[in-house]
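Trainee: For reference, the chains in residue letters:
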Amino acid sequence: MKLPFVKGELFPVRDGYGKALLALGESNPKIVVLDADLAASTRSNWFADRYPERFIDVGIAEQNMTGVAAGLSLSGKIPFVTTYGAFVTGRAFDQIRNTVSYSNLNVKIVGSHGGLSVGPDGGSHQAIEDIALMNLLPNLKIFCPVDANEAWQMTLAAAEIEGPVYIRLAREATEIITGEDYQFEAGRAAMLSAGDDGIIIFHSVIGSEVSKAATLLAGQGLNLSLINFSTIKPLDTSMLDYIAASEKPLFVIEEHLTNGGLTSIIATYFSLRRPIKFHTISIADCFGESGSPEALYDKFGFSAKKIANYIIKAMNL
Amino acid sequence: MKEDFSHLSSIAKRIRRIIIEIIHRAGSGHPGGSLSGVEIGTALFFHLLVHNPEKAKDPLRDRFILSKGHAAPLLYALLQESGYFPEEWLSGFRKLDSPLQGHPHSLKCPGVEVSTGSLGQGLSIACGLAWGERDNQHKNHIYTLMGDGELDEGQVWEAAMFASHYHLHNLIAFIDRNNLQIDGKTETVMALEPLALKWQAFGWDVQEINGHSFSEIISSVKRAKKTPQPSVIIARTVKGKGVSFMENERDWHGKAPNAEEFELALRELE
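Each protein sequence line maps, in turn, to chains A and B.
So the first sequence is numbered by numbering that gives the first Met the number 0: it starts at 0 and just counts up by one.
So the second sequence is numbered by numbering that gives the first Met the number 0: it starts at 0 and just counts up by one.
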């Protein structure tokens, strides 16, 4: 299927979600979309405008929204619950745990504004622990798109999966780094480019900064493989085994707390099987704060330049 | 003409015996709130609900969501008596590898529509079902049984707003108004009254009935089915109903009867 966004252009991943919902609305009458008074921010309003009879605004009530979605799934619908990642995974955690995940219900939970991308709104709104929370729950899958094309593919894929899925979106427009040959596959990490000097793995929209950092490093003669770990759960252990066996310097970059993020997840995996030392650029034990996304990226070490500098230093060059 | 509900009364007695027996055998469980809901459950499963254990997943069936999941013994007794699983399963209640978990688990026990146990969630689930089934153009009804104590949960009132906002006429919620929760009387722990006025203010059709009277339960549901709004039936009940020493005693919320108490209880339920 032709991807909706052109490589190199700038789009927010939530646009990919919004477009996929429109496609699903047309192809699948079971799709119902819910939002908690943030439809314009999450892009679920695109679906609401075209399919108002299958859109439910629950008001500012994430717990009820999750329960209603559970009930919808029991009536054969495929509900997509949409709101900020910070709120749905936090406030509705018990509903996701005890109702959705425990009963393995076919509910799709979409957390927009993941990571630091909500910028000026500050730490209250920045979901930097959402993956940690969702990763605790059996039955649930976790998808973190690198760009709007992958968000589009993941949303379509999630509708085909029987069971709960969490999809993490982001607010800011970021570079489309997937091209026509890209195909998301649930549970598979994707090697975007190959290099001999080291490996970077990442998830979510930080991939666009990582990609720029890789270009800067290549300018200095350092070629690193870029691996998009866009499925956090189920974990692509065959890719991890390949990475460990390569014995190359490894960098994990994620806009998430170190605790409970991909960094912790793979550290656990490696330490139980084949202990390796690796580096991480992730968020230490703290909350986010207000600032433009660019300023926050710089402060937290996620800008392309900071990433490149970190890698050069770590490799003792 | 006055309808004869003696067959329901004899089923209710069996349900009470099963509840007491499985909690006694398990050595733990929640007798008080299971016993208070026996007539509501019996009227639903053996008179009102359109359901068939042979076709447990029939899309046109009525749905029953036990929001007060700790009344699992009541649900298990109703399901077993209806024929959803063999009698032998009852002895496994709360034991390792049993389909009859301490709180109902839909992936383990047939007839359980959804797992419950964390309070305050059933009404939201019932709302989603009611919205979905109306959209499916099914003519069935969605029932839920809530405890009065769980009305402390804010999510219940989110769902209450939702149901009236979306005119969920096919939704019927029972409140097992037994006036007790773990820490004491509901009015002492966190006052609920004026409860009927609260639900009215939230846009619901409200009825208050004697929750141990089959005729009142059945006629209230008949009326509830005709209303354009969602309906709540506040069923005044006695916690521990049917076993004299458990009645209105908060200590029997979550305690199993010992051998002596078990014999006493069974004698009262003959």
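Hints should not be assumed to be uniformly reliable.
[Said to hold, decoys possible] With a Cα cut of at most 25 Å, we get these calculated SDA-like pairs of lysine to any residue:
no., chain 1, residue 1, chain 2, residue 2
1, A, Lys29, B, Arg133
2, B, Lys107, A, Gly75
3, A, Lys29, B, Asp57
[Claimed, not checked] According to the in silico footprint, chain B covers these stretches of chain A (three or more CB under 8 Å from chain B):
no., segment
4, 71–81
5, 115–129
6, 158–164
Everything labelled a hint here was simulated from the structure, so no lab data went into it.
Glycine residues also receive a C-beta, built at the ideal position from the N, C-alpha and C atoms.
Trainee: All hints, please: hold or fail.
Mentor: Hint by hint, here is what the structure shows:
1. The hinted pair formed by A/Lys29 and B/Arg133 meets the criterion: a straight-line CA distance of about 13 Å does not exceed 25 Å.
2. Restraint check for B/Lys107 and A/Gly75: satisfied, since their Cα atoms lie roughly 20 Å apart, inside the 25 Å limit.
3. Only pairs whose Cα atoms come within 25 Å are accepted, and A/Lys29 paired with B/Asp57 is accepted, the gap being roughly 18 Å.
4. Against chain B, the segment 71–81 of chain A contributes 7 residues with a C-beta closer than 8 Å to a partner C-beta. That satisfies the three-residue criterion, and the hint holds.
5. Interface restraint, the segment 115–129 of chain A with chain B: violated (0 residues with C-beta to C-beta distance below 8 Å; minimum three).
6. Against chain B, the segment 158–164 of chain A contributes 0 residues with a C-beta closer than 8 Å to a partner C-beta. That does not satisfy the three-residue criterion, and the hint is violated.
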